[in-house]
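The chain contents come next:
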Amino acid sequence: MALVLNDISYKVDNNAYLEGINLSFEAGSFNVLLGRTLAGKTSLMRIIAGLDKPSSGTIEMNGQDVTGLAVQKRNVSMVYQQFINYPNMTVEQNIASPLTLAGCPADEIKRRVQETAELLHIQDFLQRYPLELSGGQQQRCAMARALVKEADVILFDEPLVNLDYKLREALRVELKSLFKSRDCIAIYATTEAQEALALGGSTTLLHEGRVLQSGLAMDQYAKPVNLDAADLFHEPPLNLFHASLRQGKINFIAEHSVAAVPGLNQLPDGEYQFGLRPDHITLEANTEDHIRLDGLVDLAEISASETYLHVSVGDLSWVAHIQGIQPMHTQTPVKLYFPLHKLFVFDSQGKALNWPELQRSGSGSDG
Amino acid sequence: MGKRKVTGLVVYLVFVLLPIYWLLNMSFKTNEEILGGLTFWPQHFTFDNYITIFTDASWYMGYVNSVTYVVINMVITLLVALPAAYAFSRYKFVGDKHLFFWLLTNRMAPPAVFLLPFFQLYSSIGLFDTHLAVALAHCLFSIPLAVWILEGFMSGVPREIDETAYIDGYSFGHFFVRIFIPMIRSGIGVTAFFSFMFSWVELLLARTLTSVDAKPISAIMTRTVGAAGIDWGVLAAAGVLTIVPGVLVIWFVRNHVAKGFALGRV
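Chains as they are written, first to last, in our numbering: chain A, 1 to 367; chain B, 1001 to 1266.
Only chain B is shown next, with the shape it has when bound in the complex (with noise of 0.2 Å):
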C-alpha cells in the first residue's frame, strides 16, 4: 500500500470516527466541562453519567423498552416472512409477480404517512403505549424488506433438494427446519439485521404510539431539558449506550451479512 493510500485512509477514518469519539469524550465528562471549554480528554474523568442510567429507571426503562420491541419485531418478521418467502420462491399462484412486487411499494411511503391511522387504531383496541403496538407498526415496513431479501437466498437452493428430502421421508416442516433454514442461514442474518437496524433507529413511531410504560430510549434523549437545562453528559452516555447494541449485533452478524450481500438480494 502506498504511502498516499495510507493517509487518505487515515484522514478518512479520523473524519468517521471524530463523532462518536467525541460523544464518548463527552460522556465521561462534567457538565461545568463539557460547557467551560474545548478539552480533546476529560479533565476530571468521571462514570457518573453512567450511574445515573443505570440507576433511574426513567432511563433504563428506555433501554428495556427498546430492546424489547425491537426484538418482539424481529421474532414477527423472521415468523411471518421465513413462510410467505418460500411461498413466492416455489409455488406459482395468481398474481404472484404482481404482489410480489407491491410488497415492497409498503416501503415507499415514509413512516409518518402511517402516524394518524396507526394512533387512532391502536388507541381504539388498547394498544397504544405497548410494546407490542410498536413491534407491529415496524412490521409493516420489516416484513416486506424480509420477505424480498429472504427470496432471493430461497430461490438459490435448488428445488431439487426440496424434492429429494420428500423422497427421503422428510415432512414439509422437518425438511424446513433441519435441512432448509441452515441452507439460508446467511439470508435470516442479513434479514434480522436489517429488521433490527430499522427498529432500532426509527424515532418517529415507536415515539408516537408510546406515552409512559413502552417509552423508547430515543424518545426519552429527546425529551431530557430539564428545569437545570440540558444535562449533556447524561444524554452523551445515552448516546454511546445507543450505539452499542447496534455494534454488538453487526459483530454477530457480520460474517453472514458480508456473504449475504454478496449471494443474495439486498
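With the rest of the complex left out, here is chain A (with noise of 0.2 Å):
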C-alpha cells in the first residue's frame, strides 16, 4: 500500500495554493507535513482526501489513479484542528459511524468501538455527547472515529494546536505509539518544528505551495536546504548578516576582518550570507576562533532560567539565547562572542553552501 503524488498542482482563481508537489508515502509510516500558515498544508490534505480536486496532477493509491474518485469511496480519515464531532450523537454514536455506514455486523462495531476508546482513554464517556466534554476529550473522540475506520489513510491537520501545552506533550507521545502497530499512512501537519523533531518520521517541510525538503526532521534541523528551511526550524530566527569572502577571510560588520575556517576556504571569493543560531552566541570567549562583537541591548528577554537577548550591532539587530538570567537594561553596552565553526553560509539567493556541525552529545549547546 502507497500513496503517490504526482505534479500535483491547485489554483484558485489564479491564486496558486499548491504547485509541482511530487511525494510518496509508505504503508506504515508516520509522516510529518511542516509549513508555515498558508504554506499549502491544508491544501494538500484536502487534495489527499479527495475534498478538493487538483487543478493537475494525480493521485495514486497502490497503483490505483483516484485522483477523481469521490471522498465517500477513499478509504482516508482526517482530524481537523478544531474539535469536529457531531453533536446530536454520543460519543460512542460518533465513533460507530463510520462503522454504521460500512454496514458492519452490530457485534462488530460495539467491540471495535470499545477497543479504540480505551486506546484513547475516553471509554468511560461513550454515553455522553461530545459538548459535554472538555476540549482534550473532544479532540480524543474526533481521533477515535478516525481511527476505528482502519482506514489506509489517516490525516491529522493540527489536531493539537487547539489544545493546552501539557494535553498537547500526553496527546503527542500517545499519537506516535498508536502508530507503531498499524499499517496505514500517517500524515501529520504542524507548524512547529518542535513537533516535527519530537513526532519523528519522515519530513516534507511546505513553502508557499511548494516542497522545499523531504527526509528526517533531524537532518533537515542540522541542514537546511535554504534559508526558508532554515528560517522553519528556528525560533527565534538565525541571525542573519551580509558578509564578503575574499582568499579565505570573512570581512564583516565593523572591518572585522577574520581568517575563515577550513570548511569556509573552499567557497570561491564573493558575497554570503551568513546565518547563527541564536544558541550559539555567548557572553564570554570560551571557545578559541570566536569572534567579537560590541553592541548596545535592546531587550533583555527573560523566560524561566533562559534570556533573549536582542542587541544592536551596527544596524543589524542580533538575537541571543542565553541560559541563566540575565537583567540588562536597555542600551547597557554588551560583548557577544560566538565561534566562527558554527556559522551557517548562504549565497545571494538564500541557498545553503556550508553548515555548521551538530554536536551529537554533550553539553547541549545545540539543543
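Rather than coming from a laboratory, the hints here were simulated on the basis of the structure.
A hint or two may mislead.
[What the hints assert, rightly or not] Below, a sample of chain A positions facing chain B; criterion: calculated Cβ distance under 7 Å: (1) L51; (2) L69; (3) Q72; (4) I84; (5) N88; (6) P98.
Built from N, CA and C at the ideal position, the CB exists for glycine as well.
Got two chains here, each in a separate frame; can you build the complex from them with the hints?
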C-alpha cells in the first residue's frame, strides 16, 4: 500500500496554493508536513482526502489512479484542528458512525468502538455527548472516529493546536505509540518544528505551496537547504548578516576581518549571507575561534531560566539565547561572542552552502 | 425585586392581558348582556357561542381552511428554504451575495401590491379559492425570510462537519437529514414559527384569493353582520379560538425560539 502524488498543483482564481508537489508515502509510515500557515499543508491534505480536486497532477493509491474519486469512496479519515464531532450523537455513536455506514455487524461495531475508546482513554464517556466533554476529550473522540475506521490514510491537520501545552505533549506521545503497530499511512501537519522533531518519522517541509525538503526532521534541522527551511526550524530566527569572503577571509561588520575556518575556505570569493543560531552566542569568550561583537542591548526577554537578549550590532538586530537570567537594561553596552565554525553560509538567493557541525552529545548547546 | 418593580410589572400585565380577558369574558356572555351594560364577569354564563362555532360548518370550516393553508405554507417554506439556505451558506456562485440581499426586498412591498397579479393569475389557471393558492401567495413572503434566518444558523455550523461526514462515508442526503438538520433544529423551529405567524394573521391575501371553499376564519369573522345585527358573543368566541393555535405553537417552540433569537439571524 502506498500513496503517490504526481506533480500536484492546486489553483483557485489564479492563486496558486500548491505547485508541482511530488511525494510518496509508504504503508506503515508516520509522515509530518511542516510549514507555516498558508504553506499549503491543509490544501494538500484536502486533496489527498478527496475534498478538493487538484488543478493538475494525479494521486495514486496502491498503483491505482484515485484523482477524481469521491471522498466517500476513498478509505481515508481526517482529524481537524477544530474539534469536529457530531453534536447530536453520543460519543459512542460518533465513533461508530463510519462503521455503521460501512455496514459492519452490530457486535463487531461494539467491540471495535470499545477497543478504540480504550486506546484513547475515553471509554468512560461513551454515553455522553461531545459538547459535554473537555476540549482534549473532544479531540480524542474525533481521533477515535478517525482510527476506528482502519483507513488506509489518516490525515491530522494540526490536531493539537487548540489544546493546552501539557495536554498537547501527552497526546503527542500517545499518538506516536498508536501508530507503531498500524500499517496505514499517517500524515500529520504542523507549524511547529518542535513537534516535527518530537514525532520523528519522515518530514516534508512546505513553503508557499512547494516542497522545500524531504527527509528526517533532525537532518533538516542540521542541514536546511535554504533560508526558508532554516527559518522553519528556528524561533527566534537565525541571526543573518551579509559579508564578503576574500582569499579565505570573512570581512564583515565594523571592518572585522577574520580568517575563515576550513569548511569556508573552499568557497569562491564573493558576497554571502551568514547565519548564526541564537544558541551559539555567548557573553564570554570560551572558544578559540570566537568572534567578538560590540552592541547595545535593546531588550532582555527573560523566560524562566533563559534569557533572549535582543542586541543592536551596528544597524543589525541580533538575538542571543543565553542560559541563566541576565537582567540587562536597555542601551547597556554588551560584548557578544560566537564561534566561527558555527556559521551557516547561504548564497545571495538563500541557498545553503555550508552548515555547522552538530554536536551529537555532550554540552547540549545545540538544543 | 423591589416593591416598585412588582407594582410596575402588575400594571403592565393588566394592560397587556385586559383585552384578552375582555374577549374571553364576552365569549361566555349572551348578546343581551354584552349590549346591556358593563359586567366584569358573565352574569349568565353560557357555552352557546362556542357550541354555535363547533356545530355550524360555515364557522368551523374557517378554522379548517386556515389551518390547512398555514400548514401547507409552512411545509413548502421549509422544503424550499432549507436547500436554498444551505446553498447560500456553503457554495460560492456568481451573484450569491446580491441574490441573498435582494431576496429580502420581496418583503419591502406590502402584500396589497400583489393582490391584483395573484388574483388574475390564480383565476386564469384555476387556483382561485383553493388552499394551495393562499399558501403559495404567503410563500412569497415567508420563503425569503426563512432563507435569511436559516442561512444564519447554517453558517454557524462549521463546514468541517460536512466534510467529516463525507469522509466517514455519508452521502449528502443522509448527512443532511441525519446530522445537519438536528444541528439546526432551533433555526427550523424559529423559521416555522415565523412562517406560521405570518400566514395565520395575514388577512388581505387570504380573503381576496378565496370565496367559499377555502375561506379563512379571519375572513369569516369580518363578515358576520347578519340581518339581526352583529352577533357579538359568537364573534368573541371565534376570536378566542383564533388565539389558541398561536398560543399552542408558541408554547411548543418557545425553547427553540428563545435559543434562536440568541443565536441566529432574526
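How the hints compare with the structure:
1. L51: 5 Å, holds
2. L69: 12 Å, violated
3. Q72: Hint holds; A/Q72 Cβ to chain B Cβ min 5 Å, cut 7 Å.
4. I84: Because about 5 Å separates A/I84 from the closest Cβ in chain B, which is inside the 7 Å limit, the hint holds.
5. N88: 4 Å, holds
6. P98: 4 Å, holds
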